[in-house]
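J.: Below are the chains, spelled out letter by letter.
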Amino acid sequence: MSSNSFAYNEQSGGGEATELGQEATSTISPSGAFGLFSSDLKKNEDLKQMLESNKDSAKLDAMKRIVGMMAKGKNASELFPAVVKNVASKNIEIKKLVYVYLVRYAEEQQDLALLSISTFQRALKDPNQLIRASALRVLSSIRVPIIVPIMMLAIKEAAADLSPYVRKNAAHAIQKLYSLDPEQKEMLIEVIEKLLKDKSTLVAGSVVMAFEEVCPDRIDLIHKNYRKLCNLLVDVEEWGQVVIIHMLTRYARTQFVSPWKEDDGVEDNEKNFYESDDEEKEKTEKRKKPYTMDPDHRLLIRNTKPLLQSRNAAVVMAVAQLFWHLSPKSEASIISKSLVRLLRSNREVQYIVLQNIATMSIQRKGMFEPYLKSFYVRSTDPTMIKTLKLEILTNLANEANISTLLREFQTYVKSQDKQFAAATIQTIGRCATNISEITDACLNGLVCLLSNRDEIVVAESVVVIKKLLQMQPAQHGEIIKHMAKLLDSITVPVARASILWLIGENCERVPKIAPDVLRRMAKSFTSEDDLVKLQILNLGAKLYLTNSKQTKLLTQYILNLGKYDQNYDIRDRTRFIRQLIVPNEKSGALSKYAKKILLAQKPAPLLESPFKDRDHFQLGTLSHTLNTKATGYLELSNWPEVAPDPAVRNVEVIELAKEWTPAGKTKKENPSKKFYSESEEEDGSSDSNSDSESESGSESGEQSEEGDSSDDSSEDSSSDSGSGSESELENKRTAKKNAKNKGRSDSEDGEKENEKSKTSESSSAESSSVEESSSDSESESESASKPESRKVTKEKEKTRQDRNPVTKDVSLLDLDDFNPVSTPVALPTPALSPSLIADLEGLNLSASSSVINSRSSTKPCSAS
Amino acid sequence: MKSLSDFGFRVIQEYFLMCNKYKLFFSQKMIHSLFLINCSGDIFLEKHWKSVVSQSVCDYFFEAQEKAADVENVPPVISTPHHYLISIYRDKLFFVSVIQTEVPPLFVIEFLHRVADTFQDYFGECSEAAIKDNVVIVYELLEEMLDNGFPLATESNILKELIKPPTILRSVVNSITGSSNVGDTLPTGQLSNIPWRRAGVKYTNNEAYFDVVEEIDAIIDKSGSTVFAEIQGVIDACIKLSGMPDLSLSFMNPRLLDDVSFHPCIRFKRWESERVLSFIPPDGNFRLISYRVSSQNLVAIPVYVKHSISFKENSSCGRFDITIGPKQNMGKTIEGITVTVHMPKVVLNMNLTPTQGSYTFDPVTKVLTWDVGKITPQKLPSLKGLVNLQSGAPKPEENPSLNIQFKIQQLAISGLKVNRLDMYGEKYKPFKGVKYVTKAGKFQVRT
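If you read the protein sequences in the order shown, they are chains A and B. Heads up: the first sequence is residues 1 to 864, going by my numbering. Heads up: the second sequence is residues 1 to 447, going by my numbering.
Source of the hints: derived by calculation from the structure; they are not laboratory data. One should not assume that every hint holds.
A few chain B residues that face chain A, going by a derived Cβ cut-off under 7 angstroms, partial list only [stated by the list, open to error]:
| id | residue |
| --- | --- |
| 1 | 144 |
| 2 | 145 |
| 3 | 147 |
| 4 | 310 |
| 5 | 311 |
| 6 | 362 |
The following residues of chain B were derived to be distant from chain A, with all beta-carbon distances above 10 angstroms [stated by the list, open to error]:
| id | residue |
| --- | --- |
| 7 | 99 |
| 8 | 135 |
| 9 | 253 |
| 10 | 261 |
| 11 | 306 |
| 12 | 369 |
Here are the computed lysine-lysine pairs in the DSS-like style, where the Cα-Cα straight-line distance is at most 27 angstroms [to be verified]:
| id | chain 1 | residue 1 | chain 2 | residue 2 |
| --- | --- | --- | --- | --- |
| 13 | A | 414 | B | 240 |
| 14 | A | 418 | B | 442 |
| 15 | B | 366 | B | 240 |
| 16 | B | 432 | B | 240 |
| 17 | B | 132 | A | 64 |
| 18 | B | 160 | A | 72 |
| 19 | B | 92 | A | 72 |
| 20 | B | 366 | B | 345 |
For each residue, glycine too, the CB sits at the ideal point set by N, CA and C.
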């Protein structure tokens with residue numbers, strides 16, 4: 001920074017030097033506050049000079065200071081003309097800072113901002129993808145309505161760019177343009193539709209974000225991309241994962257039928273996290289024959305499960321809410337472990353996660369019972385965390401654990417944090433009402449607290465005791481007497497009011513004390529809180545009705561006091577009570593019923609969790625946290641009664657322009673890519689490979705006999721992707737499906753011959769291709785398809801389409817013959833075969849969409 | 001005068017806000033603006049990703065802060081008439097983000113923490129001074145990390161390629177040559193399949209270090225029995241390897257790991273099938289996994305505390321006496337012991353004598369800190385003395401709980417052991433090292 005002041009002083013020579021110099025030193029110090037308005041203006045003059053100098057260093061210094069001004073929230077808009085000239089600077093840093101400035105102020109200086117547009121337009125054509133991307137980023141961030149058409153054009157072009165990175169930025173630009181000019185919606189939806197088809201993991205998150213922003217109701221756009229999104233999910237960057245998971249949750253609620261219906265008698269045993277999936281599934285299937293989960297539904301649940309182990313709390317929460325809202329209830333319990341893990345995180349994450357757990361624990365206690373102790377409170381927790389933990393402990397309390405909990409609560413009651421101690425007392429009250437065995441014990445404990453030294457604790461105890469007594473019409477004269485004594489010492493209005501109310505309600509049980517209390521209250525009436533005054537009036541009225549001999553005069557005295565009270569509420573109440581209880585000619589029929597009205601049997605209050613009503617919000621959302629509907633909250637729809645046609649999700653298999661990229665680099669890259677994704681993405685480099693995979697896949701009917709064992713044997717480094725739990729878990733199913741697959745491939749053997757040579761080229765991918773094939777076949781039933789597996793070559797398409805019916809017949813007939821390890825998994829064939837047919841039909845090529853895909857298939861880096 | 005000019009700007013900002021009002025009706029997702037606020041309530045940095053939101057929106061935050069008594073209790077999510085404020089508190093700074101529509105709150109919170117982590121990473125500390133000194137870098141970072149309110153580049157490897165972290169040497173060079181801290185080569189990582197690793201890494205000494213750090217969270221009750229205890233661990237890695245190494249790390253006893261969360265570089269499938277951590281690491285320091293040890297295992301508690309704290313009724317003093325001793329320490333030395341006690345509000349002063357180490361008592365915050373150091377079993381450290389209470393005030397209900405910190409080198413208390421580290425994909429022989437440390441996490445003794 002010191003260099004700044006040098007540069008400044010050098011340039012600001014001349015007459016004003018001394019004056020300016022002083023200001024400069026004061027303003028340049030990094031943390032110094034800018035002085036007066038006037039000095040700001042002069043300083044800006046100076047910045048202008050620097051910006052117009054020939055030296056990059058001076059310009060850079062000026063820009064840095066301007067950014068400093070912006071960071072402080074100072075207005076730097078008048079420098080716009082000087083800054084905008086530097087938009088074409090060769091120096092990257094200057095350029096960057098100018099961009100930062102432009103984005104911030106263009107809106108205010110629209111005419112001048114237009115000067116910069118041509119620079120960006122040029123940059124949009126730059127051979128370097130990163131320059132194209134950043135030009136699009138800045139161009140779309142300039143909120144100048146007049147350039148909307150230019151932006152639209154740029155977005156359209158960028159959406160068809162060869163580089164996935166540029167396409168990602170195009171997806172971001174869609175949202176910006178939409179917020180600038182919603183009129184463009186239709187056109188933007190077209191672009192979104194196009195980008196949704198993109199197979200790059202880079203693009204997926206951003207385009208779904210744009211979708212959620214622009215047209216969240218166009219669920220039809222998702223159908224065809226559903227399976228792809230599910231499969232890509234693991235490889236998308238974390239922020240994209242959150243957005244996609246939330247969107248898919250909404251989608252699934254509209255497309256699948258509820259898995260809960262016959263699931264209610266859940267066995268709530270805690271499931272081992274790593275318990276193999278197919279065991280689980282078998283169980284699920286046995287339990288409810290009539291309901292079969294849509295394979296696409298299963299696919300989503302299975303593919304999101306590993307994300308529970310993400311380091312990103314938002315991702316874990318997103319998966320947790322997905323399981324909560326979508327999975328069969330028996331499976332949802334696996335999320336509790338991960339949520340409890342998040343409690344180790346910082347307080348903000350704890351706060352949100354605890355809120356969500358609180359909501360969940362009301363509905364399904366069993367989920368969190370094993371982790372009861374994780375919710376124990378530490379004295380160093382912030383109060384808001386403590387109260388949330390307390391809430392959860394209350395929800396989890398049951399006959400079995402209540403004694404441990406009560407012991408724990410005893411520690412909390414003594415806490416120095418009185419707000420928390422008060423909350424604990426309420427909690428004890430709630431536990432006491434929920435679990436009848438301990439009601440008496442709790443009541444005794446609370447009465448002991450009445451002698452506590454802290455007023456807040458006593459007051460809270462009084463309030464809770466009042467509620468408890470109300471629930472138990474049994475005799476509790478002793479407690480009431482004890483509380484009546486407290487009236488002398490206690491000053492908290494709510495507590496005083498509670499005691500008075502209790503005495504009024506039970507005035508017949510404590511006939512001696514009640515009138516005396518009224519006498520004392522009459523004395524102090526004028527100095528009481530409004531809340532207490534109302535209760536004194538009530539008490540007087542009740543006593544007047546039950547014991548008018550002793551209290552008539554007292555009550556009338558109180559009514560007179562009330563008549564002239566400052567508070568209109570009290571005056572109103574006084575007037576009402578007088579009319580009601582004092583019989584005179586004007587009082588109507590009501591006074592006959594006065595006793596019934598005032599001393600009616602009152603329903604006991606329900607001590608409920610404050611989180612009770614939150615469950616209608618989707619978990620993990622802002623609305624859930626605030627317990628009000630936030631702007632832009634999208635309702636999670638109810639399960640449909642009848643599932644919409646699942647065939648809409650079948651994807652036409654698209655042929656990729658077969659570019660056999662000469663190996664070399666491509667080959668080298670492949671292994672590393674395969675490592676990271678079972679569902680391989682986009683890039684041309686892998687396309688050649690995936691092409692071959694699909695070929696070998698469809699041809700591997702023969703190999704599928706050994707398909708089962710191949711999972712393990714093929715576990716060499718490069719086949720990592722395909723293997724893993726999924727294929728293992730699906731073994732049995734797969735075996736069966738392989739047979740179908742076999743049938744199909746048999747019929748195609750003829751065409752295959754010429755392809756085989758190519759297949760062998762991809763020997764590196766061979767081992768995995770076995771699995772690809774298995775998953776391919778699986779996809780017909782389970783749709784756990786990998787994108788590659790859908791890429792079947794063009795030559796085959798026609799014939800396949802023609803032969804489809806035949807193929808299907810064969811596969812179904814031959815099912816048993818080709819089943820090598822026939823396992824008695826009861827697959828509900830009727831439910832599956834339609835989707836099978838549909839899937840096979842879906843294998844044909846749509847010419848229209850081949851464009852985008854052949855584009856996406858080219859190498860991403862080719863541009864740079 | 002400052003307030004006057006501020007007012008001027010406020011007016012102008014409000015005006016622009018009005019001009020743009022019609023736009024606000026259309027939903028604008030995710031993070032709209034960010035304000036950094038220091039402890040004394042000054043907004044010292046603001047950044048807007050969409051249209052400008054006036055600073056006055058922070059008034060709602062200040063209101064909530066006032067209500068909350070202490071900083072820890074400021075609610076992370078605040079609703080205001082037109083916006084929602086989601087904030088985090090880190091290193092005595094508030095990061096307050098302005099949101100306009102529904103968004104998963106954890107998404108924003110996690111992102112804000114990532115921003116704070118990045119500042120920490122770049123400037124060595126995340127403090128007001130550091131941020132103000134590097135305001136330009138901060139702005140550049142924020143610009144890269146969010147686009148239109150949606151996270152763009154958050155991996156430190158990528159960011160460091162885009163924007164070079166400041167070093168003393170570089171700032172000197174920069175000021176002489178006028179060159180910049182913006183990378184002149186554009187990063188490739190964002191485009192590759194391994195977005196967390198930068199390309200073209202070269203080291204002369206290839207090293208890979210792993211720190212297995214385990215923390216014991218425990219609540220010990222009055223009588224010394226364990227109410228709750230569990231072990232949470234992390235493996236932090238410092239990897240300085242050239243090229244694109246592909247590592248796999250295996251354990252002697254992976255079954256101990258009950259619940260694990262992974263850095264994105266780790267292959268889920270490999271872990272699920274073989275219990276091997278297989279990954280291409282980012283360059284530099286990063287957290288590989290964090291884990292929880294299964295709760296079936298009994299947790300060894302390495303220290304015990306004998307305590308006797310009492311306040312006399314109707315007198316203005318009390319007695320304080322604690323002694324610490326080793327329990328199940330697996331034959332290792334327990335070091336770095338610190339005891340922190342939040343004394344009740346009525347305590348005025350404490351007059352204590354430690355047999356070892358030194359103690360401080362802050363009469364304002366009422367926090368007693370005893371820096372003990374090492375335990376030598378021959379002579380157990382203790383701290384004894386008198387407590388002065390405010391005269392006339394009732395004696396405290398409850399004795400304060402003791403928060404204990406300690407450290408045991410060369411030991412992972414769960415017994416977790418790294419078996420081997422293999423490297424594929426590169427030819428050189430790296431130097432490998434594993435270090436184990438056990439620490440106290442949230443270790444609390446109730447008295």
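J.: Give a verdict on every hint.
T.: Evaluation of the provided hints:
| no. | hint | result |
| --- | --- | --- |
| 1 | 144 | violated, 9 angstroms |
| 2 | 145 | violated, 10 angstroms |
| 3 | 147 | holds, 5 angstroms |
| 4 | 310 | violated, 15 angstroms |
| 5 | 311 | violated, 12 angstroms |
| 6 | 362 | violated, 16 angstroms |
| 7 | 99 | violated, 7 angstroms |
| 8 | 135 | violated, 5 angstroms |
| 9 | 253 | holds, 15 angstroms |
| 10 | 261 | violated, 5 angstroms |
| 11 | 306 | holds, 19 angstroms |
| 12 | 369 | holds, 14 angstroms |
| 13 | A:414 to B:240 | violated, 52 angstroms |
| 14 | A:418 to B:442 | holds, 22 angstroms |
| 15 | B:366 to B:240 | violated, 45 angstroms |
| 16 | B:432 to B:240 | holds, 10 angstroms |
| 17 | B:132 to A:64 | holds, 12 angstroms |
| 18 | B:160 to A:72 | holds, 25 angstroms |
| 19 | B:92 to A:72 | holds, 19 angstroms |
| 20 | B:366 to B:345 | holds, 7 angstroms |
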